[in-house]
Amino acid sequence: WEGEGLNEKGVDKETGKELISVSPVYFRPAEVESLLGDASKAKKLLGWEPTTTFYELVYDMLRSSFEEVGLTLPSFDECMRRVSLSPADGRVQKA
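Residue numbers (this note's numbering): 628 to 722.
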């Protein structure tokens, strides 16, 4: 990593090629420090239960970002193995 704030970027040590940089395009007009949702009301009133885990959500977001630049992300199970988690740890357990 080089720089700070808006000038921060990730650079490949071997080639010197810039791989990633900060983009103000993704800033929110009124950014808050912490966003925290609470689904308890939906669970209580609607009987709603999540169908996607946090790990599955992160995987879907990464897969989409990879595809935008022509890359292929390994399978969900392979990614979970690489971070030393069982694939079952990251899936919604069906009752």
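A couple of the hints might just be wrong.
Stated by the list, open to error - Cβ-Cβ distance ranges computed for the label pairs, FRET-style:
hint : residue 1 : residue 2 : range
1    : 643       : 693       : 36 to 44 Å
2    : 630       : 680       : 30 to 38 Å
3    : 683       : 654       : 24 to 32 Å
4    : 673       : 651       : 33 to 41 Å
5    : 668       : 643       : 48 to 56 Å
6    : 641       : 668       : 48 to 56 Å
7    : 656       : 710       : 30 to 38 Å
8    : 634       : 687       : 39 to 47 Å
Derived by calculation from the structure, the hints in this document are not laboratory data.
All C-beta atoms in this analysis are idealised placements derived from N, C-alpha and C, irrespective of residue type, glycine included.
Status of each hint after checking the structure:
1. Distance hint for residue 643 and residue 693: a CB-CB separation of about 23 Å, inconsistent with the stated range 36 to 44 Å.
2. Distance hint for residue 630 and residue 680: a CB-CB separation of about 35 Å, consistent with the stated range 30 to 38 Å.
3. At roughly 27 Å, the beta-carbon separation of residue 683 and residue 654 lies within the given 24 to 32 Å, and the hint holds.
4. For the hinted restraint 33 to 41 Å between residue 673 and residue 651, the CB-CB distance of approximately 38 Å keeps it satisfied.
5. The beta-carbon spacing between residue 668 and residue 643, approximately 51 Å, falls within the hinted interval of 48 to 56 Å.
6. The given range of 48 to 56 Å is respected by residue 641 and residue 668, whose C-beta atoms sit roughly 51 Å from each other.
7. At about 34 Å, the beta-carbon gap between residue 656 and residue 710 stays in the expected band of 30 to 38 Å.
8. About 30 Å separates the C-beta atoms of residue 634 and residue 687, a value inconsistent with the hinted range of 39 to 47 Å.
Comparing the model with each numbered hint stated earlier shows that hints 1 and 8 do not hold.
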